[in-house]
Amino acid sequence: MPELPDVEVFRRRLVEATTDRRIEGVDVLDGDVLATTSAELDRALAGSRVTGTRRHGKQLYVGLGDGPRLRLHFGMTGHLATGAADEELPRHTRVVLALSQGRRLLLVDQRKLGEVGLVGCVDDDVVQRGLGPDALDLDLAGLRAVLARSRGALKPTLMDQGRMAGLGNIYSDEVLFQARLDPRAPAAEVSRGEARRLHRQLRRVIERAVAGEVRDFPRGWLLHRRDDGARCPRCGGPVERFTAAGRHGFRCPACQSRGA
24 MPELPDVEVF RRRLVEATTD RRIEGVDVLD GDVLATTSAE LDRALAGSRV TGTRRHGKQL
84 YVGLGDGPRL RLHFGMTGHL ATGAADEELP RHTRVVLALS QGRRLLLVDQ RKLGEVGLVG
144 CVDDDVVQRG LGPDALDLDL AGLRAVLARS RGALKPTLMD QGRMAGLGNI YSDEVLFQAR
204 LDPRAPAAEV SRGEARRLHR QLRRVIERAV AGEVRDFPRG WLLHRRDDGA RCPRCGGPVE
264 RFTAAGRHGF RCPACQSRGA
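Numbered per our numbering, the sequence shown spans residues 24 to 283.
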């Protein structure tokens, strides 16, 4: 599932594709991904220019001048792609934005769990969806407050979009691995020092993930070894699959424990 770093990459891709270009039209190939009607989408977008973008957690909002904002959510398998107008469309393309200068912006979504819609006010939409602050906007005090209010374990707390928007299964595992914290530990019992370490690694992992492709991520990341029985990239011990509050994940028992 696309998480905060992925959606930030999509946001930058959209900005690059639409800079100095007008949206000339919308072609909806599969209405299952629409949270509005095809006609409303075309009226809002056709002839407009992108005037700004905002990502909040896993949501991407696109400003269109004085009109409504376009909202993009990518579900389990969605992503944005770009291409020339005469190129063959990728498989599972659901919505096509025709851009000036012979370019296109595509929503590709194999499982059709993403969503394309229109909203009037981004802040109101964030509140209505019950989203917490964006993970990258949290300072140390904000993160400590999120942890202190939680009655659950660390991993599900970090994944709770109502507490902190943006992290999913993969990057919550990575952040906790880099911070050397047990994902199953009670979030409210994290010490000041552990919270500082967690906050530092949260920013580091997200910023590094935005900057590079998965294949380019450091070899010392757990992401490359997320398999039961794989070898920990730090200590060489076995990686373990676990469940916390119904959330599956991976950890190194040797590295991710108090005092490790």
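Read the hints as simulated data drawn from the structure, not as lab findings.
In this text, all values refer to a predicted model and were calculated from it rather than measured experimentally.
All residues carry an ideal CB built from backbone N, CA and C; glycine is no exception.
Don't take every hint at face value.
Restraint-style ranges between C-beta atoms, simulated for each label pair [stated by the list, open to error]:
| no. | residue 1 | residue 2 | range |
| --- | --- | --- | --- |
| 1 | Gly235 | Gly54 | 30 to 38 Å |
| 2 | His247 | Arg220 | 19 to 27 Å |
| 3 | Glu110 | Glu212 | 47 to 55 Å |
| 4 | Arg220 | Arg172 | 36 to 44 Å |
| 5 | Asp65 | Thr105 | 49 to 57 Å |
| 6 | Asp55 | Arg223 | 40 to 48 Å |
| 7 | Ala211 | Arg242 | 18 to 26 Å |
| 8 | Ala164 | Arg242 | 31 to 39 Å |
| 9 | His247 | Ala104 | 40 to 48 Å |
| 10 | Arg242 | Gln133 | 24 to 32 Å |
| 11 | Cys258 | Thr105 | 51 to 59 Å |
| 12 | Gly88 | Pro241 | 19 to 27 Å |
| 13 | Arg172 | Cys258 | 54 to 62 Å |
Quick rundown of the hints versus the structure:
Range check, Gly235 to Gly54: about 35 Å between beta-carbon atoms, so the 30 to 38 Å window is met. Checked against the hint of 19 to 27 Å, the C-beta distance between His247 and Arg220 comes to roughly 22 Å, which is consistent with it. A C-beta distance of roughly 54 Å is found between Glu110 and Glu212, which places it inside the suggested range of 47 to 55 Å. Arg220 and Arg172 have their C-beta atoms about 20 Å apart, which leaves the hinted 36 to 44 Å range violated.
Between Asp65 and Thr105 the Cβ separation comes to about 20 Å, which falls outside the hinted range of 49 to 57 Å. In this structure, Asp55 and Arg223 meet the distance hint of 40 to 48 Å, their C-beta atoms being roughly 41 Å apart. A hinted range of 18 to 26 Å is violated for the C-beta pair Ala211 and Arg242, which are about 34 Å apart. Distance hint for Ala164 and Arg242: a CB-CB separation of about 33 Å, consistent with the stated range 31 to 39 Å.
Checked against the hint of 40 to 48 Å, the pair His247 and Ala104 fails, with Cβ atoms roughly 25 Å apart. Distance hint for Arg242 and Gln133: a CB-CB separation of about 29 Å, consistent with the stated range 24 to 32 Å. For Cys258 and Thr105, the Cβ-Cβ distance of about 42 Å falls outside the hinted range of 51 to 59 Å, so the restraint is violated. For Gly88 and Pro241, the Cβ-Cβ distance of about 41 Å falls outside the hinted range of 19 to 27 Å, so the restraint is violated.
A hinted range of 54 to 62 Å for the beta carbons of Arg172 and Cys258 is inconsistent with their spacing of about 33 Å.
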